[in-house]
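Working from the sequences, and respecting the hints, build out all of it.
Keeping their order, the protein sequence lines are chains F and E.
With my numbering, letter number 3 in the first sequence gets 3, and the count goes up by one each step, no holes.
With my numbering, letter number 20 in the second sequence gets 20, and the count goes up by one each step, no holes.
Any given hint might turn out to be false.
Copies of one chain are not kept apart here, so a pair can be met inside one copy or by any two copies together.
Below 27 Å or equal to it, Euclidean Cα-Cα: the simulated DSSO-like pairs (lysine-lysine) are [as the list claims (entries may be wrong)]:
no., residue 1, residue 2
1, K59, K93
2, K66, K93
3, K37, K66
4, K59, K86
5, K86, K37
6, K37, K93
In case anyone wonders, no lab produced these hints; they're calculated from the structure.
These numbers come from a predicted model, not from an experiment.
Protein chains: 2
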Amino acid sequence: MLESMRRFKAGIFQALAHPTRIAIVEHLRPGELTVGKLCEKIGAEQANISQHLAVLRNKHVVETRKEGNQIFYRLRDPVLGEVLEKMREYFLKHMNEAMDLLRHEQEANDVEPEATP
Amino acid sequence: MLESMRRFKAGIFQALAHPTRIAIVEHLRPGELTVGKLCEKIGAEQANISQHLAVLRNKHVVETRKEGNQIFYRLRDPVLGEVLEKMREYFLKHMNEAMDLLRHEQEANDVEPEATP
DNA sequence: ATGCTATATTAGAGTATTCGAATGTTAAAT
DNA sequence: ATTTAACATTCGAATACTCTAATATAGCAT
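Below, the structure written as structure tokens:
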């Protein structure tokens, strides 16, 4: 049972483990939005947003409502918004390290082109 | 800047997005533990636990202290424990669906061996 | 019926995670 | 100086994610 619970939590975290999906959840926090609006605000391809929405739907992080041509997405439970709020608190508290972390990841991606022959 | 913050949050969620790593964080919540104790409690191979600990260390989710032969791990910030607590709340609230979700994932993994020829 | 708009799904290539097995490393004990 | 105990790291195969591009569906308008 404990193991099930952990797999469940891991699944939710997995769903949140992508910058675009975090952006989606944050934008939905104040209220529902259509896919089009989300694309606008986030500035990503429609197909891409749609795929990320599918991930969030599969984990029941978001729910939908259809109105004519378009589909409105909303957060299923504000608790998840609160989780992100806690993360914001965490981020601010450790801002300096956070920046370092990101810088390092950046470099790790930048420096690769060259290999020692 | 917002984008950086989201990548950071995503990184933390990524770190938490595995049942074993969740188990680690939960076990560390009351206080520090050695790697050996963690292996015992979780019931996984030492190398495996060590790899997961490395993931958590890289994201600064945990910190270490060395004492002679062994290494004590502790949660770096109780806020992350609180995040898990929120998740528990969430799990209990949606227990039924959670179970369904897990069952479906289970089936998706079980049924595959056969293919329609 | 045709076309247009909003959204979803599929396919395939590139990349990243995860595991077990093998190998390193450090500190204490003999 | 060896050996043992406690951890960490590396390797390689299997699996899972993520992106772009292409295709599909559903509702509305003409």
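Within, between, both or neither: K37, K93 at alpha-carbon 27 Å: For K37 and K93, neither the intra-copy (32 Å) nor the inter-copy (30 Å) Cα distance is at most 27 Å.
Status of K86 relative to K59 across identical chains (alpha carbons, at most 27 Å): Both. Shortest intra-copy (20 Å) and inter-copy (16 Å) distances satisfy the 27 Å Cα cut-off.
Status of K93 relative to K66 across identical chains (alpha carbons, at most 27 Å): Answer is between: at 25 Å across copies they meet the 27 Å cutoff, but 40 Å inside does not.
Intra/inter-copy verdict for K37 and K66 if alpha-carbon distance must be at most 27 Å: within (15 Å within a copy, 51 Å between copies)
Homo-oligomer pair classification [K37, K86; C-alpha up to 27 Å]: within (26 Å within a copy, 29 Å between copies)
Homomeric proximity label, K59 with K93: Cα distance no greater than 27 Å: Between copies, since 14 Å is at most 27 Å while 29 Å is not.
Hint 6 from the earlier list is the only one contradicted by this structure; the remaining hints agree with it.
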